[in-house]
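J.: Line by line, the protein sequences give chains A and B.
For the first sequence, numbering that gives the first Met the number 0 gives the first residue as 0, with consecutive numbering after it.
For the second sequence, numbering that gives the first Met the number 0 gives the first residue as 0, with consecutive numbering after it.
Keep in mind the hints are simulated off the structure, nothing from the lab.
Nothing false has been slipped in among the hints.
Chain A residues, not near chain B, derived (Cβ > 12 Å throughout):
#1 D10
#2 I39
#3 F108
#4 E208
#5 L268
Example chain B residues on the side facing chain A (calculated, C-beta under 8 Å, incomplete):
#6 W19
#7 Y23
#8 N24
#9 I27
#10 Q51
#11 D72
#12 I75
#13 T76
Keep in mind it's a predicted model, so treat the numbers as computed, not measured.
Note that beta-carbon positions come from the ideal geometry of N, C-alpha and C, so glycine has one too.
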Amino acid sequence: MNFDVEKIRKDFPALNQEVYGKPLVYFDNAATSQKPRVVIDTLVSYYSGINSNVHRGVHYLSQQATEAFEQTRDLIRDYIHAKSNSEIIITKGATDSINLVANSFGRHFFKPGDEVIISATEHHANIVPWQVICKDTGSKLKVIPTDENGNLNLDSFKGLISHKTKIISVGHISNALGVVNPIREIIRIAHQNNIPVMIDGAQGIVHREVDVQELDCDFYCFSSHKFYGPMGVGILYGREKFLEQMPPYQTGGEMIKSVTFENTTFNELPFKFETGTPNVAGVIGFGAALEYIKKIGMPDIISYEDDLLKYALKKLNNLDYLQIYGNSQERAGVISFNLKDIHPYDAGTIIDKFGIAVRTGNHCAQPVMDFLGTTGTIRASMAFYNTREEVDRLLVAIEKVKEMFG
Amino acid sequence: MTITEKEHQVIEEFSLFDDWMDKYNYLIEMGKTTPIIDEKFKTEQYLISGCQSRVWLSAEMADGKVIFKADSDAVITKGIVNLLIRVLSNQTPEDILATDMEFVDKIGLKEHLSPTRSNGLTSMIKQMKLYALVYKTKKEQQN
Ligand SMILES: Cc1ncc(COP(=O)(O)O)c(C=O)c1O
Numbered sequence: 000m001n002f003d004v005e006k007i008r009k010d011f012p013a014l015n016q017e018v019y020g021k022p023l024v025y026f027d028n029a030a031t032s033q034k035p036r037v038v039i040d041t042l043v044s045y046y047s048g049i050n051s052n053v054h055r056g057v058h059y060l061s062q063q064a065t066e067a068f069e070q071t072r073d074l075i076r077d078y079i080h081a082k083s084n085s086e087i088i089i090t091k092g093a094t095d096s097i098n099l100v101a102n103s104f105g106r107h108f109f110k111p112g113d114e115v116i117i118s119a120t121e122h123h124a125n126i127v128p129w130q131v132i133c134k135d136t137g138s139k140l141k142v143i144p145t146d147e148n149g150n151l152n153l154d155s156f157k158g159l160i161s162h163k164t165k166i167i168s169v170g171h172i173s174n175a176l177g178v179v180n181p182i183r184e185i186i187r188i189a190h191q192n193n194i195p196v197m198i199d200g201a202q203g204i205v206h207r208e209v210d211v212q213e214l215d216c217d218f219y220c221f222s223s224h225k226f227y228g229p230m231g232v233g234i235l236y237g238r239e240k241f242l243e244q245m246p247p248y249q250t251g252g253e254m255i256k257s258v259t260f261e262n263t264t265f266n267e268l269p270f271k272f273e274t275g276t277p278n279v280a281g282v283i284g285f286g287a288a289l290e291y292i293k294k295i296g297m298p299d300i301i302s303y304e305d306d307l308l309k310y311a312l313k314k315l316n317n318l319d320y321l322q323i324y325g326n327s328q329e330r331a332g333v334i335s336f337n338l339k340d341i342h343p344y345d346a347g348t349i350i351d352k353f354g355i356a357v358r359t360g361n362h363c364a365q366p367v368m369d370f371l372g373t374t375g376t377i378r379a380s381m382a383f384y385n386t387r388e389e390v391d392r393l394l395v396a397i398e399k400v401k402e403m404f405g
Numbered sequence: 000m001t002i003t004e005k006e007h008q009v010i011e012e013f014s015l016f017d018d019w020m021d022k023y024n025y026l027i028e029m030g031k032t033t034p035i036i037d038e039k040f041k042t043e044q045y046l047i048s049g050c051q052s053r054v055w056l057s058a059e060m061a062d063g064k065v066i067f068k069a070d071s072d073a074v075i076t077k078g079i080v081n082l083l084i085r086v087l088s089n090q091t092p093e094d095i096l097a098t099d100m101e102f103v104d105k106i107g108l109k110e111h112l113s114p115t116r117s118n119g120l121t122s123m124i125k126q127m128k129l130y131a132l133v134y135k136t137k138k139e140q141q142n
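Whole structure, please, built from the sequences with the hints as guidance.
T.: Right under this line is the structure:
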């Protein structure tokens, strides 16, 4: 493995800065990742060069922009091993992707009395859209329970399934706890019952290799910005047979074939779901991010990250005044913890002063926090550009917190 | 002491601190000594929204002055709200409404608090002024 973290760090300009006079330790990657220079350069060169609207003009720039835009779709398709470009919908982000499916699939397929299954550890983005569509259609939201470590209970899950279940939507990796969910097993069980499965891969795509055909999921979504690309771009993979049947989510320009005042015929996939001018620069920038990740290599990234996580867990487990959440067999990216009897907000305030960016609060996953009996946690989320030295610095900060409040 | 005099007192105290650590240690000390609110006030009704930690604030009138009490589940927040209480409590509603709380900026509290926390601070001040407004209106209605 020729993985050189010091060299990699140089690719990320934002890592090279001081806060409060100390070198930044960026441990808030689950919220958003930093961007490699190639991504930033791509944005600048797009706006300095081929900037123009896509899929519309016959003029030179528009064709260049459209080509670059569609090449990114190819890249994404290949990256997640989708069958065709029709299955790759460009959205604004993971939240937008989930709203698309909840609204389009939900409105089309849900009838009063139907059921949707999610899990107890979901991000609000994979709870609220389903809650709202269930309310609107008279359907019911059911929740796969978890144990105190964030492991979903598959036996209970089997019990929740009925002939009324229309879709199951679960996260690949929990953003609050870092637990990797048994999505293969969930998909297998669901498909035995002919129920489609949506995977919220906002964290999953960052820490695991994803092959949608091998996974056999029906929908998979994620955000570019958590995966080293620009903000404002998301992806929705959908199995073509479902996307074909689903009505457009939003309507307007770009997604139509012909419009008269009496009637409109919609464009074909994937454009049926892509209305209005997309974030062209962001999409092309995300293409650059994917190329960058491929060059480093996901297997190397995963093994480096897993090693770093193990190191951090070992160190943190030595501190007996820490409560660490999500002690699951398989975890990735995230360590969520509290100092016993110290409010996460108090701890986070002091850790911040050490130049360390961690997140405190409920991580947009209030139900799981309620379940764990806490209002929030401190979350250190790591990327492949973080180092053991940075983990050691976090430890120093935690010890200081203990000293100040203990 | 007037609000302005109290503000000056706090500013002077903070000017003795060399670094952020001293400042926070002081806030933590203050957080541990806040006049604890009666348990009956620790309900939704007295909760201030806009803070990452929970803050409960109650007020009552005594001899024409507003007495504030507060509590929080986070020590630093409790320290901050205690600082506000030190300056604003036991003052007339009119004086509370008139002050612009200059000291918050002067002691570098605002700059050291991230936007979400700063919002918490703003919400606390807003809530204290709201109480003052209520008492002022009540008084005027009685006259
Ligand atoms: C698991 C999970 N799902 C969904 C989202 C929402 O992502 P976005 O805000 O990019 O739409 C997040 C982001 O925090 C997440 O962690």
